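There are 8 protein chains.
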Amino acid sequence: MKPDDRLELGYATLDLGRQARTGIGETVYGPGKTPEQLAAILRSFAERGVPVLATKCTPEQFAFLQRQNVAAVYDPVSRLVKATWGEVTPLPGRVAVCTGGTADVPVAEEAAGTAEFFGLKAERHYDVGVAGLHRLLARIDAIREADVVIAVAGMEGALGSVVAGLVAAPVIAVPTSVGYGAAFQGVSALLAMLNSCAEGMSVVNIDNGFGAAVQALRIVNAAKKLS
Amino acid sequence: MKPDDRLELGYATLDLGRQARTGIGETVYGPGKTPEQLAAILRSFAERGVPVLATKCTPEQFAFLQRQNVAAVYDPVSRLVKATWGEVTPLPGRVAVCTGGTADVPVAEEAAGTAEFFGLKAERHYDVGVAGLHRLLARIDAIREADVVIAVAGMEGALGSVVAGLVAAPVIAVPTSVGYGAAFQGVSALLAMLNSCAEGMSVVNIDNGFGAAVQALRIVNAAKKLS
Amino acid sequence: MKPDDRLELGYATLDLGRQARTGIGETVYGPGKTPEQLAAILRSFAERGVPVLATKCTPEQFAFLQRQNVAAVYDPVSRLVKATWGEVTPLPGRVAVCTGGTADVPVAEEAAGTAEFFGLKAERHYDVGVAGLHRLLARIDAIREADVVIAVAGMEGALGSVVAGLVAAPVIAVPTSVGYGAAFQGVSALLAMLNSCAEGMSVVNIDNGFGAAVQALRIVNAAKKLS
Amino acid sequence: MKPDDRLELGYATLDLGRQARTGIGETVYGPGKTPEQLAAILRSFAERGVPVLATKCTPEQFAFLQRQNVAAVYDPVSRLVKATWGEVTPLPGRVAVCTGGTADVPVAEEAAGTAEFFGLKAERHYDVGVAGLHRLLARIDAIREADVVIAVAGMEGALGSVVAGLVAAPVIAVPTSVGYGAAFQGVSALLAMLNSCAEGMSVVNIDNGFGAAVQALRIVNAAKKLS
Amino acid sequence: MKPDDRLELGYATLDLGRQARTGIGETVYGPGKTPEQLAAILRSFAERGVPVLATKCTPEQFAFLQRQNVAAVYDPVSRLVKATWGEVTPLPGRVAVCTGGTADVPVAEEAAGTAEFFGLKAERHYDVGVAGLHRLLARIDAIREADVVIAVAGMEGALGSVVAGLVAAPVIAVPTSVGYGAAFQGVSALLAMLNSCAEGMSVVNIDNGFGAAVQALRIVNAAKKLS
Amino acid sequence: MKPDDRLELGYATLDLGRQARTGIGETVYGPGKTPEQLAAILRSFAERGVPVLATKCTPEQFAFLQRQNVAAVYDPVSRLVKATWGEVTPLPGRVAVCTGGTADVPVAEEAAGTAEFFGLKAERHYDVGVAGLHRLLARIDAIREADVVIAVAGMEGALGSVVAGLVAAPVIAVPTSVGYGAAFQGVSALLAMLNSCAEGMSVVNIDNGFGAAVQALRIVNAAKKLS
Amino acid sequence: MKPDDRLELGYATLDLGRQARTGIGETVYGPGKTPEQLAAILRSFAERGVPVLATKCTPEQFAFLQRQNVAAVYDPVSRLVKATWGEVTPLPGRVAVCTGGTADVPVAEEAAGTAEFFGLKAERHYDVGVAGLHRLLARIDAIREADVVIAVAGMEGALGSVVAGLVAAPVIAVPTSVGYGAAFQGVSALLAMLNSCAEGMSVVNIDNGFGAAVQALRIVNAAKKLS
Amino acid sequence: MKPDDRLELGYATLDLGRQARTGIGETVYGPGKTPEQLAAILRSFAERGVPVLATKCTPEQFAFLQRQNVAAVYDPVSRLVKATWGEVTPLPGRVAVCTGGTADVPVAEEAAGTAEFFGLKAERHYDVGVAGLHRLLARIDAIREADVVIAVAGMEGALGSVVAGLVAAPVIAVPTSVGYGAAFQGVSALLAMLNSCAEGMSVVNIDNGFGAAVQALRIVNAAKKLS
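Chains as they are written, first to last, in the numbering used here: chain A, 1 to 227; chain B, 1 to 227; chain C, 1 to 227; chain D, 1 to 227; chain E, 1 to 227; chain F, 1 to 227; chain G, 1 to 227; chain H, 1 to 227.
Simulated from the structure, these hints should not be mistaken for laboratory data. Small disclaimer: the values here were computed from a predicted structure and weren't measured. Among the hints, erroneous ones may be present.
[As the list claims (entries may be wrong)] To list a few chain A residues with every Cβ distance to chain C over 10 Å, as calculated:
id, residue
1, Leu16
2, Glu36
3, Arg48
4, Ala71
5, Gly101
6, Thr102
7, Ala131
8, Ala142
9, Gly181
[Said to hold, decoys possible] Below 20 Å or equal to it, Euclidean Cα-Cα: the simulated EDC-like pairs (lysine to aspartate or glutamate) are:
id, chain 1, residue 1, chain 2, residue 2
10, F, Lys225, H, Glu123
11, D, Lys225, E, Glu8
12, D, Lys56, D, Glu26
13, F, Lys224, H, Glu145
14, G, Lys225, A, Glu123
15, A, Lys225, G, Glu145
16, F, Lys82, F, Glu116
We put the CB at the ideal spot given by N, CA and C, even for glycine.
The following block holds chain A by itself, in its conformation from the complex (with noise of 0.2 Å):
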């Protein structure tokens, strides 16, 4: 941990020593971030040839970046804005993203972008939820393949539980924000998925699919490292 791996910009400090560290880049946080400020930290990585990631990103905030001619890409589901300087150098990991139900698709699309940013592959099945379970069964096998499973609900939360007793692989939970009333949410969801009668799944924050894919990477990191 060298000190000068870090950059000052008064409001911020960027940590340029993160991908060393912990084999991830820095990405950016979008939300409470003027578009000035967010303008000027791609900025900071676009000068030192850094790829970047931002996420929850308003559509206002990418076209401020837009006008201010800063190269990134937006989309609009995921929020995410990508800056990548070229290919990306893909990984060997494959993962893949559930989700109950069609309005937990943009939380999906957030998880599956930040993959494929970091060189995973990212593979959908959407809408899969528990009370038409047939749905699920029909793509089980395809699930199966992959080397991480992310798992994105909201109301009740229950695909995650119900996947991860029939996968080997490891089962990241994304509660989301969808339903209403006692949903709160994605309370219920969360707690659902902590709960989970299911061995050996764990739980990223509500609506986090960016958090959840970082686990995937590093996930696939450890097993490059164990092989």
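For chain A, the structure is supplied; the task is to place chains B, C, D, E, F, G and H on it using the hints.
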């Protein structure tokens, strides 16, 4: 509603008209009653030859009843005290009582025992939780035969949603206080059940097997009226 | 459960076998779907001549459907979109839908409209809350005629308990997000309903009039099977 | 407010001016006090000939008082310790204390016993909960005679709302910790009471029968001043 | 309780017997009512010459009433709509309405305006919170003159406890949603008020100035009966 | 405490003796005040030549002040309005204000700006959160120079604990509402800070940079008295 | 998924196909099972020569197993019961188990013991919480050697975030119920871990050391498949 | 920060450099440690001649220490174990410890005892809660003499706000778990203290008298450095 359909004991006012109004005789909630109060209440029913069910009674409460020669039987698993005064008249309805795990059995037995007290037939399908889905699928044809399904589960409470997606009968979900940590004494399961993506499942209070069985009885009574 | 009982649209996997499995065709949850997705899903049903109900749809979603010539009608109070393809076959069951106040009417209309979509007869008894008990007592004989009672209330949510103590039919309670302060968007009513001292009332999610009506449908279907 | 209207015992500072300021002498909250502290506090009052009431005292605390010859009487149901030094001067006010069930009786007795300590007349109407409405209606004329009504209920806590819709007197609602599961030790009843649709009911803390009775006393004192 | 003491409007069932039963005419809760419903309800009262009060009405609702020539006045601070049909008959009671801060004034005005609607005299003592105790002490003699004290406060909600320790009148505490962060929209103040160490204070819902004033009215009516 | 140390404006009672009592002049909480009230309050201070600070003011409130020619400056990041009437007398204390991320800067600026208003020196160390520990360690020697440390962080709120384990100065932790999902608008950070395993850190309300700075001022004032 | 991959015991339905499906044999959750049920379940595994792990068992449960001659060993710190039937086949993966404090050791031992049951190597780094950062930094090189890191902490739960910022391996955070007051039996630590600003950390239930170890096993198994 | 400033005991890693870093030697948190662990930790300090304080220890833990001849003294009210090795060097600071009631005394004694362990002078002002304000006002001049004020209160937790409005010293508020019902084991007091309208009060965890005293020590140390 006749004003004299009641018996005043000071600390209790027995509702003797409930059978006529709702099709279900008054039952007795055990907690918070002294053994003396419980004995006196059961005797009041006995003197009128009315069958009575008391719920969530402790072994200590029942031991007192025995010492006082109150005629009743006790099941320590379901914690039900029953005084039935002869054979129960069977009703046509069948209730399937399913549990996610073994630890949910006491609540399931409260449901099954209550159903049987009122003349329904209760069929038990225990420990068929979603982490091992084939256990449920192996029994699903039998469960489909039932007129009402009671799904009892703690932890993530997913059993109800999966069952409700597979059967046509009304499903009543009973969350249990089984689990630890973020199970929050059944709140996690309760929330999951309230947010079920399966259509047309309703929920009762945590650990309220009794209430689920009485709702099943109301359904069967409604069916008799309809047919 | 046949694996091909589904239609994959990428962002959605329609469950075409649900009617056969549960007696209730798949319905569509409006929130979180783009107008384009909603239109495509409704068209998929239309192409198969299958009636479909979409819930909690916004006026904006419906305006898009109209611009796209998707055949459907919209009720702005209940926020239901219905595509029924001709006359609905009536079922024998009658559902009484009661509310505590006027502000509960939209949720009650979601229940009544859903019941009617499936062929049940819905009778409305609105603003009969417990602060003016004679309003309820004046109608109780009519409510007793119903096969299922749906009690819709916000604030302290006492309506269900009072009704369940007066009728023999199964009572399904729907808490609403009506109220302010410690009403906590319906949590207060939800908790009151879960803790009802009346025997055999079950509860659905806050503002889930739809779910209550589908449970009523399951009950009526069970009655047909029983008789 | 005279600065010497107090007695300093180190661990306690007795408020000897409270009677003059608020019309109510200081009372003693039992929990968290060692038996020695409780005995010393009661003796300080006894030495001044001031009647005193201690609430929520355990049998162990009272047994110590007896061993130390502290003059006081104890009621194990209400857990009140009273030292009255002769006849209590009666006040004109009548308080009706109602409960939803039998398990609410200890809290109701705390209210009734406190009211009687201060000279009010307490009339008890127990187990008149809303699941059997005729039990309440049979007594409503008597309840209407009271100057203040205290409605004590756990579980869904609906009693207060129903009563407040039927009487003209001020209604003070006391939620109790009776119930299980989603009763959350009285939170459910508390929330229901706070959200009452009946006009002009106020609420005290869970299980605070004492506080309700003191509010009743303040109301009666205010009436004396007004008349 | 006469069954015809009501007027059925479909979406509303007006309780015309409430004045006779509770001493307080029915009032109208504004939120969740369409402007059309509100206008029709007010007209129903007007046709019978009955004064009516509607609470928590928006400027948009009142603007509609004006366009429809519904006779009523609106106060934008308290959000009360009043139709009084001539002079209000004064009642003997005086109510002191105190607030902790300036931001609590709208809720206090709802209380004061409601009290005045029913003929009580309301005296305002605003911004006398406990952080500057001399502000309260400077007015305490005036507050002691009141027959009922309404203490309105958000944030830590300590005003009620301090006042109740200084006066003999019944104190009704109204928590407000004033504050931020851990104020939790008034929950912090609500809890503080429920746990007051001052004897005999009762509490109403967050921001429910109306309810506090109606309780004050009940108290004054009780005093009239007692004297 | 002199009773005339106040100014009554009807909706507000200004505490003119607070400076004498607590060493800190009264400040003004912006939310919930109309622009007219805010302008009148600031003018009352201006007429007495007393510097004043208003917190959490909106741009709309300030625009009104400007239109009314109220002398004051506004910082849109911290949302502070200041009227200082000449140079601020510097105090000896230095306050280090640290943040976990960039999104915490507005709250940190409220703290720094408040400290500066009262004459303290504020040093900013922003975006030094624990995920890149070397960023903090690179600045820790500078932070150790401070007399008081204010640690501002949202999300998991770990910054305070880490800092408090590394410095001798009193650390005041400010949780922020930064984050999403289970951040619960700052509750997660608040709880983490309250449970710090580092000895001797205290906490203020979520987003309360102002309060932390005033506590720092009290500490510096105490130091002056002690020395 | 073969329907006969199960053994029905009435109160339990053993999932004999889980090893084949998920790479992990069924394990037994101790709480809520009678000693008799636990003994019978362990015997069923023993009869098939299948190793089995039971979690969160009480000394009383194990004493009964011993009296019944069920072959198994018990560790009172981790509360694990193991029946391994010979040497465990070692797997290549190494798991670093870290704790914030000494009181977290029982949960950490559940994780380490579970990992060892399945053949993983567990390295313990205990009491390295963030209040004394050098304790963690002194061991960080050893922790970096691990393939998976399990971070176990109660109170403010910051350990996981700090570790995840320093290592490349996947980090699984386990909140513990260690602490008091606003620790809320582990909720504070759970929330902190869910909101980690460090990228790619996932979380399991409070006190669920077992689940974290099984997730580590899934990761190691995935690595074997990937390589 | 020297890496060898620690002592590894396996289950514990003692932080021997904390005194140098933070001015406060490591202290020991009693709960969750076996008596054997506690004895070994205290002996490790004793061998180095370092004074040590252990908090929240049970009588059982201390009895074991005595049987093992570990030199230490125990106070059963504060539950502090102290091993001071001779006279404590006095520091110049004075701390006023105030409580709302008698039941708060154990937490207050933890604060006072901790302050005294570190050489501060602690002055006790107990049972001066806001329901009898003159009790506090009678002592306010003495409290104003203190350099730091610690306000300890449960229930509605108003003491801190009132005191902070009356003194210039930094006020640290300690909520206690005293109370019942909606006191929620100190949450009500905690929230009230976090939302104080008095400027510049900070808060520690529920029942954390120790933490408040250490913050006071940091403040006194900062004052020494400043002067």
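>> Run through the hints listed earlier and report the numbers of any the structure violates, in increasing order.
In response: Numbers 5, 6, 7, 9, 11 - these are the hints that the structure violates, sorted from lowest upward.
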